[in-house]
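Number of protein chains: 10
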Amino acid sequence: MLFKVAMIVEIPATLAPEEAQQLKAKEKAYSQQLQHEGKWRHIWRIAGKYENVSIFDVKDNTALHDILMGLPLYPFMKISIEPLCRHPSSIHEDDK
Amino acid sequence: MLFKVAMIVEIPATLAPEEAQQLKAKEKAYSQQLQHEGKWRHIWRIAGKYENVSIFDVKDNTALHDILMGLPLYPFMKISIEPLCRHPSSIHEDDK
Amino acid sequence: MLFKVAMIVEIPATLAPEEAQQLKAKEKAYSQQLQHEGKWRHIWRIAGKYENVSIFDVKDNTALHDILMGLPLYPFMKISIEPLCRHPSSIHEDDK
Amino acid sequence: MLFKVAMIVEIPATLAPEEAQQLKAKEKAYSQQLQHEGKWRHIWRIAGKYENVSIFDVKDNTALHDILMGLPLYPFMKISIEPLCRHPSSIHEDDK
Amino acid sequence: MLFKVAMIVEIPATLAPEEAQQLKAKEKAYSQQLQHEGKWRHIWRIAGKYENVSIFDVKDNTALHDILMGLPLYPFMKISIEPLCRHPSSIHEDDK
Amino acid sequence: MLFKVAMIVEIPATLAPEEAQQLKAKEKAYSQQLQHEGKWRHIWRIAGKYENVSIFDVKDNTALHDILMGLPLYPFMKISIEPLCRHPSSIHEDDK
Amino acid sequence: MLFKVAMIVEIPATLAPEEAQQLKAKEKAYSQQLQHEGKWRHIWRIAGKYENVSIFDVKDNTALHDILMGLPLYPFMKISIEPLCRHPSSIHEDDK
Amino acid sequence: MLFKVAMIVEIPATLAPEEAQQLKAKEKAYSQQLQHEGKWRHIWRIAGKYENVSIFDVKDNTALHDILMGLPLYPFMKISIEPLCRHPSSIHEDDK
Amino acid sequence: MLFKVAMIVEIPATLAPEEAQQLKAKEKAYSQQLQHEGKWRHIWRIAGKYENVSIFDVKDNTALHDILMGLPLYPFMKISIEPLCRHPSSIHEDDK
Amino acid sequence: MLFKVAMIVEIPATLAPEEAQQLKAKEKAYSQQLQHEGKWRHIWRIAGKYENVSIFDVKDNTALHDILMGLPLYPFMKISIEPLCRHPSSIHEDDK
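Protein chains in written order, with our numbering: chain P, 118 to 213; chain L, 118 to 213; chain E, 118 to 213; chain Y, 118 to 213; chain A, 118 to 213; chain X, 118 to 213; chain V, 118 to 213; chain C, 118 to 213; chain S, 118 to 213; chain G, 118 to 213.
Accuracy of the hints is not assured; some may be wrong.
[What the hints assert, rightly or not] Selected chain V positions facing chain A (Cβ under 8 Å, derived; list incomplete):
| no. | residue |
| --- | --- |
| 1 | 123 |
| 2 | 125 |
| 3 | 126 |
| 4 | 128 |
| 5 | 178 |
| 6 | 181 |
| 7 | 182 |
| 8 | 185 |
Hints were generated in silico from the structure; no laboratory data involved. Built from N, CA and C at the ideal position, the CB exists for glycine as well.
Given these sequences and hints, build the entire structure.
As structure tokens, this is what we get:
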């Protein structure tokens with residue numbers, strides 16, 4: 118089941134740079150692990166912004182919630198979610 | 118070069134149903150042609166809405182403009198666009 | 118899997134009253150059928166408004182989409198959706 | 118008498134973690150006590166967010182006010198309230 | 118139990134003037150009847166606008182809903198509602 | 118001359134609790150003095166919020182400005198004002 | 118007593134041009150009469166828009182209401198009002 | 118050439134009171150100097166707010182920019198600007 | 118003196134196609150005449166939208182107003198204006 | 118390929134003035150270097166604000182992203198981006 122998730126990251130200036138770097142490294146590893154498992158299907162950077170738009174493929178709402186709550190940068194994110202369906206015009210078997 | 122495009126469709130009640138059907142059929146053919154050409158990379162339906170979120174892969178801004186202007190349902194759409202880049206955490210070679 | 122769905126109904130003045138009445142009767146029957154099936158778990162009226170807030174219990178996003186698209190008053194509704202999870206403080210076994 | 122209450126929790130980074138934990142434990146106990154009393158009828162988590170949507174069943178506006186003011190996390194919440202009525206299509210005797 | 122209700126009236130240009138006049142006359146009679154019964158406690162005009170702000174004193178949410186749904190101009194109103202309580206600083210015995 | 122004034126109070130966490138208490142006590146005394154003088158005609162609490170809605174009866178705009186500037190909690194308030202007139206449907210001699 | 122009033126004019130395409138011209142002529146005469154009486158102290162055009170910003174000098178809120186309700190173009194205006202006071206830095210005796 | 122400028126002042130609680138007083142005194146002197154020069158044509162207080170609405174008469178956009186950048190309280194202001202023209206209904210020779 | 122002007126064009130479906138075509142042809146000629154005169158310095162299409170962003174170089178606010186009011190498509194445009202100055206970092210002699 | 122980029126700069130009061138000065142000097146040098154390379158085609162100041170509107174001419178979205186991420190003041194900016202195309206009415210060969 119697919120969800121579009123938009124994440125806006127706002128790391129406060131009060132966070133020590135080395136701590137920020139550690140969190141970003143953890144975030145990358147966490148994201149890539151989920152991409153390898155097929156749960157985080159796509160991730161793109163919004164040009165010019167510290168934001169991404171992602172597609173998740175999860176079992177249910179709770180699985181999505183647990184993944185997002187586990188994001189190392191979650192405390193510094195604004196997240197918006199839209200549940201997706203297969204589009205009747207889509208020719209791509211995967212996009213459902 | 119990738120763009121996220123969100124399309125909200127609002128067909129007015131004054132449009133004759135058969136005309137609406139024809140437009141929708143043309144829209145589907147137009148979309149599938151562009152999907153086969155690789156320019157309309159993804160299209161998903163937003164659950165519960167007459168809206169989609171799509172990923173386009175085009176040569177430049179003008180190519181995107183021309184594709185969108187050619188949409189049979191364009192006069193009834195609200196469109197928002199965000200230019201995308203490859204995300205540094207992405208493991209998918211295609212998502213750029 | 119639960120979703121909160123808010124529906125704002127705006128029937129245009131141009132719709133003939135008897136047609137509006139027929140649609141409302143169909144809407145009621147459709148809603149009650151889904152309530153009996155356990156898919157439309159709750160529906161409340163927002164005081165003073167032609168709006169409702171509802172809880173749906175469906176298999177997945179597509180099931181929700183199909184139910185909402187089938188609403189007889191769908192063409193006259195503004196719909197907003199939030200996917201829900203069981204709350205860790207909830208004592209109600211059903212609210213998940 | 119029913120009210121829908123949406124609560125968005127924003128615990129500031131300046132709050133000591135152990136204090137935050139204590140407040141959350143108190144919040145859970147407070148919520149469950151009110152659920153047992155039948156005043157806090159439903160509570161759901163919004164997927165991917167530190168937010169909930171709840172249904173309260175109280176005597177009057179003042180009873181609602183007093184319950185919300187007593188929330189241990191109240192100083193860190195944004196709250197929005199909508200008074201509810203029984204919906205004419207509802208088949209559930211309790212939803213009023 | 119008190120509620121603040123704001124009503125914005127937007128009578129469409131397509132409504133025949135005599136029909137509009139009849140509705141306004143009915144609205145006035147309806148409002149004054151409820152004022153005499155003590156249910157519509159205050160009504161003020163917002164200066165320069167076809168809007169009012171009112172205070173209702175009703176038994177519960179459903180009573181408020183039924184009163185508002187009965188407004189002759191209801192189909193042409195945008196309504197917003199806020200439940201009120203007695204303010205701890207108030208010296209007026211009635212304002213609760 | 119009447120004005121509706123809505124006040125949203127947001128006391129910052131950095132204000133010492135005893136100082137906050139003193140300000141609230143001063144605020145209450147200030148409000149009650151103006152109520153006794155007939156200038157602060159009504160004050161209601163918005164249920165579930167640290168907000169009030171009030172009706173002021175003052176000589177002119179400057180008198181309203183001076184009263185609001187004198188509020189002990191003014192530095193922590195967001196204020197919105199709407200000038201009021203007698204409503205043509207009002208039966209209450211005082212509501213003007 | 119001074120008020121700033123912003124007026125946005127939106128004459129619908131369905132209004133016959135000659136009727137629109139008559140209304141505009143009446144609007145101009147009405148405005149100039151009030152300017153001569155000193156009640157409509159200033160009127161400026163917002164560059165590039167069919168909008169104005171005006172300063173009114175009236176006895177009270179009701180006088181302002183009656184003047185605005187009498188505007189020939191009132192049914193096609195969106196109006197916003199802000200009550201003004203003399204500014205402590207002002208050197209102009211008239212600006213109060 | 119005229120501009121309407123709205124200024125909302127938000128002095129942070131972290132600014133020392135004596136420093137705030139000095140800035141306000143400088144602001145007043147700066148404003149009055151420009152009023153005497155005829156460049157700051159009007160300034161009014163918005164009732165109940167630490168805001169003003171002003172009319173500037175300047176040579177061009179750059180002159181307006183330089184004046185606003187020189188405001189002692191500029192770092193604590195939110196500013197919005199609208200270019201003005203003489204209104205065709207205006208009878209005041211100066212309002213252009 | 119420079120202004121940024123954003124124009125959103127919304128031609129209503131009720132306008133006859135040939136009339137729309139005539140207006141667009143007039144609009145193009147009008148725009149190109151002003152570009153040749155140096156008053157309409159730049160015009161760009163927003164990708165995917167029937168909108169443009171333009172830079173005007175005019176004598177004063179009134180000259181800008183008169184140009185915009187003369188746009189053949191003006192009745193179908195939403196216009197927003199921002200006065201510009203030379204930027205201190207600019208190396209382009211013309212951009213002032 | 119052209120993009121309009123709007124940048125709003127908000128340097129926090131907690132940044133030491135000399136550090137702010139250094140950042141601004143770096144920003145100016147960075148901007149002028151890109152202007153000399155032809156990638157930052159235009160930059161204008163919004164009158165009365167610490168904001169600019171700019172036109173970039175870049176190879177693709179990623180080139181734009183990299184330039185913006187390299188802005189010395191980037192951490193203190195709010196950025197909005199619109200992809201541009203040549204306008205069919207434009208007579209300027211460069212504006213594409």
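Problem set entry | residue 182(V) as chain A interface residue, shortest Cβ-Cβ below 8 Å | Hint holds; residue 182(V) Cβ to chain A Cβ min 5 Å, cut 8 Å.
Exercise. Quick one, is the residue 123(V) hint okay against chain A at 8 Å, beta carbons?
Worked result: Check failed: Cβ of residue 123(V) comes no nearer than 11 Å to chain A, outside 8 Å.
Problem set entry | Proposed interface contact between residue 181(V) and chain A, which counts if any beta carbon pair is under 8 Å | holds, 6 Å
Exercise. For the hint on residue 125(V), does the least C-beta distance to chain A fall short of 8 Å?
Worked result: Violated - the Cβ of residue 125(V) stays beyond 8 Å from chain A, reaching only about 13 Å at its closest.
Exercise. Does residue 178(V) pass the interface check with chain A, least Cβ-Cβ distance below 8 Å?
Worked result: holds, 4 Å
Exercise. Going by Cβ atoms only, is residue 126(V) closer than 8 Å to chain A?
Worked result: violated, 15 Å
Exercise. Are residue 185(V) and chain A close enough, Cβ to Cβ, to be under 8 Å, as the hint says?
Worked result: holds, 4 Å
For this session: Against chain A, run the beta carbon of residue 128(V) and see if the smallest gap drops under 8 Å.
Result: With a minimum Cβ separation of about 11 Å from chain A (threshold 8 Å), the hint on residue 128(V) is violated.
Comparing the model with each numbered hint stated earlier shows that hints 1, 2, 3, 4 do not hold.
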